[in-house]
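**Student:** Below, each chain spelled out in residue letters.
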Amino acid sequence: MKKFLIIVIGLWLVGCSYQEGLEVSGSTSVAPVMEKLISDYQSNHVANINLTADGSSAGISAALEGVSDIGMSSRALSKDEFNNDIDVNIIGIDAIVVVLNKDNKITNLSIQDLHDIYCGKKNNWQDFGGENIPIVLVSRENGSGTRDAFEDSIKAKDANKASYVDLYNPVIVNSTGAVIENVKQKKGAIGYMSMGSVIQDIKAISLNNYQANKSNVIKKLYPISREFYVISKKNNIKAKTFINYILNEDGQHIIENEGFIRVK
Amino acid sequence: MKKYLNKQLFFETLYKLSIIFASLLLLLIIIFIFFEGVPALKEYGVFKMLFNMSWQPTAHEPSFGLSKMILATIISTLLSLLIAIPIGLLSSVCLVRLVSRKIKNIIMFIVEILAGIPSVIVGFFVLKTIVAFLYQHFYMNIGVSGNSMLAAVFVLALMALPTIITITVKALEAVNPMYTEASLGLGANKIQTIYKVELKAAKSGIMAAIVLGAGRVIGETMAVMLVSGNAINISSNLLLPTRTLTANIATEMSYASGLHQSALYASGIVLFIMIMLINITLLIILNKGGGDNA
Amino acid sequence: MDNIFDIKNLNLWYGSKHALQGINLRINKQSVVALIGPSGCGKSTFLRCLNRMNDLIVNCHIEGSILFNKVNVNSERYDEINLRKKVGMVFQRPNPFPMSIYENVIYGPKCQGITNKKRLDELVESSLKKAALWEDVKDRLNSSALGLSGGQQQRLCIARAIAMEPDVILMDEPTSALDPIATAKIEKLIIELKANYTIIIVTHSMQQAARISDYTAFFLMGELIEYDKTDIIFANPKNKKTEDYITGRFG
Amino acid sequence: MLNHPWQVKLIKILTYLATILLVLLVFWMVSFIIIQGISYLNMTLLKESSSLIITTLMVVFLALLIALPLGIFSAIYLQVYTNNGKLVKMMRFSIDSLNGVPSIIFGLFALSFFIYYLGLNRSIFSASLIMSIVVLPLIIKNTEEAIKTIDIAQIQGSLALGASRFTTINRVIIPYCIDGIINGVILAIGKIVGETAAIMFVIGSASSIPKSFFEPGSTLATKLYLIIQEPTYSSNGIGSAYGIALILLLIVVLLNLLVKLVNHIFMKRRG
Chain A
1 MKKFLIIVIG LWLVGCSYQE GLEVSGSTSV APVMEKLISD YQSNHVANIN
51 LTADGSSAGI SAALEGVSDI GMSSRALSKD EFNNDIDVNI IGIDAIVVVL
101 NKDNKITNLS IQDLHDIYCG KKNNWQDFGG ENIPIVLVSR ENGSGTRDAF
151 EDSIKAKDAN KASYVDLYNP VIVNSTGAVI ENVKQKKGAI GYMSMGSVIQ
201 DIKAISLNNY QANKSNVIKK LYPISREFYV ISKKNNIKAK TFINYILNED
251 GQHIIENEGF IRVK
Chain B
1 MKKYLNKQLF FETLYKLSII FASLLLLLII IFIFFEGVPA LKEYGVFKML
51 FNMSWQPTAH EPSFGLSKMI LATIISTLLS LLIAIPIGLL SSVCLVRLVS
101 RKIKNIIMFI VEILAGIPSV IVGFFVLKTI VAFLYQHFYM NIGVSGNSML
151 AAVFVLALMA LPTIITITVK ALEAVNPMYT EASLGLGANK IQTIYKVELK
201 AAKSGIMAAI VLGAGRVIGE TMAVMLVSGN AINISSNLLL PTRTLTANIA
251 TEMSYASGLH QSALYASGIV LFIMIMLINI TLLIILNKGG GDNA
Chain C
1 MDNIFDIKNL NLWYGSKHAL QGINLRINKQ SVVALIGPSG CGKSTFLRCL
51 NRMNDLIVNC HIEGSILFNK VNVNSERYDE INLRKKVGMV FQRPNPFPMS
101 IYENVIYGPK CQGITNKKRL DELVESSLKK AALWEDVKDR LNSSALGLSG
151 GQQQRLCIAR AIAMEPDVIL MDEPTSALDP IATAKIEKLI IELKANYTII
201 IVTHSMQQAA RISDYTAFFL MGELIEYDKT DIIFANPKNK KTEDYITGRF
251 G
Chain D
1 MLNHPWQVKL IKILTYLATI LLVLLVFWMV SFIIIQGISY LNMTLLKESS
51 SLIITTLMVV FLALLIALPL GIFSAIYLQV YTNNGKLVKM MRFSIDSLNG
101 VPSIIFGLFA LSFFIYYLGL NRSIFSASLI MSIVVLPLII KNTEEAIKTI
151 DIAQIQGSLA LGASRFTTIN RVIIPYCIDG IINGVILAIG KIVGETAAIM
201 FVIGSASSIP KSFFEPGSTL ATKLYLIIQE PTYSSNGIGS AYGIALILLL
251 IVVLLNLLVK LVNHIFMKRR G
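Residue numbers (this note's numbering), protein chains in the order written: chain A, 1 to 264; chain B, 1 to 294; chain C, 1 to 251; chain D, 1 to 271.
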């Protein structure tokens, strides 16, 4: 009986201590690609990097207060967030793609169309030249960076940045895969996700007649995209070396094959 | 003798510590849930949180109105009981009185399997059958996606059945045989005896079964989240999607932070209070009705 | 005086236990028959055969014929529900249902399909009057039956049985759970009921048998030892075993 | 109601119908999982879900390692050392209420207590801690039920022979209520294997076999939830979800058979 107690207490203590290292926190949309960057960086550099995905605003404030060495954000910093002892770098651009069911004949929609669809003004594919099938909205949950950026671009929010979409019976899911699954299963479904996540079971369409490719996105012809920012203190050398790794060839290569658009 | 005594003392204190720790766990849970949930309650106000309709956690001035979700939780629970109680009570009566002991044991084994099936599998099953069926046949209606209150009610009814049946069967078996004999003695047949006398005598046991079934259902998360569509709305059309308190927590917790996360904990507090109310009503039922089938 | 029950060569087994052996007995209409004997002698088992309550017991096997108004009721073809309409039963411990007095009395008739309110009210009044309970409860018919005293509850059970308008009322030690005053009231009631019902009563008390019964049957170890008029049984019984039991030498 | 023969017949039919409907519902669900899952139940799936099974076993092992002693000691204290005072009623109510707490609330508590307050990272260890709390009431209640069935004569017999309460516990009570404890353990395993909401915030996720308790992991149930949501990211899509669901179902059926077996053995021993 005594042996057992010692084991339990031992397990408890070991659990609590974990190694210190480079703290990276912030946007949930940037986190997946950051995870790949970290594991690649650690394979040939001695560094212990800890990643937490708790949202862009949390990442920005953590970097400003120095709680995290590097803050990730999928939205631009607001004026009062910016100060001059931090530097802000764009490491990649993520185009948000609108996806439809494979049987849906529609191949292009305008930003205004998307606004009408997600704000319940139009609810049948016939209005856009498709079949007579009601539209089923598939949306991400509150707090998802992708939803935030998408609804900003199509102006589906009111002045208080409160989303209208909830009023029109959307199917709300909390992962990209679930968006794919719902769009794949339901004829009338419409969804959105990062360009890199699209697979052949569903159909990505062009917006304002522009395909979501590298040149259209960089030239801002493709209407819905967002930059991935990393924020760090100027004097933080460890952070700077990791950021330089991200901005040079092998970092950018990883960003590209994760489906995002490289900046360098 | 000295060594022996303090070994006994050691273990008896260990017994005491164990039970004290076990009893304090509930308190620990209450403390931490309230600790996390209070900021949002204070910031947004308890009254507004309970009765405001709009849930916009990521807006500039966020609103954390839970009323639509509280209503969805209550409605889905009541509707699922509306299905589970008749089936549960009727099959319990059948098991206790109308079928042979062997058949009863087989069916009770099946009920135990249903009780043991993880809720994620029940949700998965309903997602791939009922939800798919609803969309195939009702996709022409605006807003219908298969994921709906109806699918959630079906899942919750499946969840409530084992609880209701096991406890109702126990209650019926505990009915004093003198009532049965008295009724049969007066020329009543088996069905009349069961429904006019035995169900009345086992009344408090059956009420406990229903209340426990409600408790089991109101806290269900995984299965509901998979099939309900998670849209924040309440509508008389059961084919439209809805979101319960539990689904709200599970859906948004992974990416929530700051006040948003605290608001999710607050919806956990609301759910917890609902469960405690159910436990207390259960206590009242069992104490009050304890005597009538002595 | 033609007989209401004619039992011929009745045998009963609980699994392997031979509880009733070769019972032959005739019971006349409008008479009170007492069944006496030491505990476990089978008198209650015999009583329960008369309204087939033993059917409830799982491994109970019955042979022989029980003629009720010349019809053998101890067969699958005869519906025991009809039998129990005609043969009411009162149990040892008063067992009114957890309902109101009114609902208790009309329970039987309602199960037979009598739903006309006026008819039910008449039945309630006549049954409670016959059971000498009407005066005590006529202004609180809707109050719970569990609120009555032990004696009143037993009389309510009798009223409940009478409401079925049976020919026979079986009573399984009806007063053993009651105080002497309530017992006296029940005994007086039984004697009055003799006018329109046949009453078959199992009792432990030989004084009770002597006081209220016309005929007495003495059971011992599953056999019917002697059956005759009550005063003959108690004055000069033919069988030695009956005499030993009556004078308390064993049992 | 029920006073006319046709009403009686109707209710009788409805009673039988309800039971048939109940059995059909369960058969429909079980057969759906089996039919869909059987074609995926092959070596590749077993190899692929080996990490899930190992993780699940690790959580079961550690959760029981904590909950068993705690639960048995608590049950013993409640049954042997206390009368039914006010304090004991409070303790019983809090344990019964703990049993009624929905698993999502345990998930919230685990996140705020283990992860934020104690600073543990999202790992199998944290999941095991919360699961030990979830199953604790089950262990206590089953052990108590078993202790209750010991007839007082045996306990008094031992005490009468001068044995202290403590030795009576070791010699009479614990050996006697082994089957109650085993029942509790089997039910607890069933609950741990099927649990998702209570551990989803604290267990993280992983696709390889965990090297230690302090790594994130995926149990059969949490992985099933992920695959149902995102079938495209798993090797044979929704198929592996059906496969895992079938494995989980087999475990549940096995556990229920085990309970029947244990009751049968000990019923004979108790005579």
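Quick caveat, the hints were computed from the structure, so don't treat them as lab data. One thing to keep in mind: the hints can contain errors.
Stated by the list, open to error - Just the calculated beta-carbon pair ranges, DEER-fashion:
1. B:K102 / D:L57: 32 to 42 Å
2. C:D121 / D:R269: 29 to 39 Å
3. D:L258 / A:N213: 56 to 66 Å
4. B:N52 / A:S206: 33 to 43 Å
5. C:N9 / D:K148: 44 to 54 Å
6. B:F35 / A:P32: 30 to 40 Å
7. B:L238 / A:I205: 51 to 61 Å
8. C:K129 / D:R269: 32 to 42 Å
9. D:G119 / A:S206: 45 to 55 Å
10. D:L258 / C:I181: 41 to 51 Å
Treat the numbers as computed from the prediction; the structure is a model and nothing was measured. All residues carry an ideal CB built from backbone N, CA and C; glycine is no exception.
**Student:** Could you run down the list of hints and mark each one as holding or not?
**Tutor:** Verification of the hints:
no.: 1; hint: B:K102 / D:L57: 32 to 42 Å; in the structure: holds (35 Å)
no.: 2; hint: C:D121 / D:R269: 29 to 39 Å; in the structure: violated (60 Å)
no.: 3; hint: D:L258 / A:N213: 56 to 66 Å; in the structure: holds (59 Å)
no.: 4; hint: B:N52 / A:S206: 33 to 43 Å; in the structure: holds (40 Å)
no.: 5; hint: C:N9 / D:K148: 44 to 54 Å; in the structure: holds (49 Å)
no.: 6; hint: B:F35 / A:P32: 30 to 40 Å; in the structure: holds (31 Å)
no.: 7; hint: B:L238 / A:I205: 51 to 61 Å; in the structure: violated (33 Å)
no.: 8; hint: C:K129 / D:R269: 32 to 42 Å; in the structure: violated (59 Å)
no.: 9; hint: D:G119 / A:S206: 45 to 55 Å; in the structure: holds (48 Å)
no.: 10; hint: D:L258 / C:I181: 41 to 51 Å; in the structure: violated (60 Å)
Of the numbered hints given earlier, the model fails hints 2, 7, 8, 10; all others are met.
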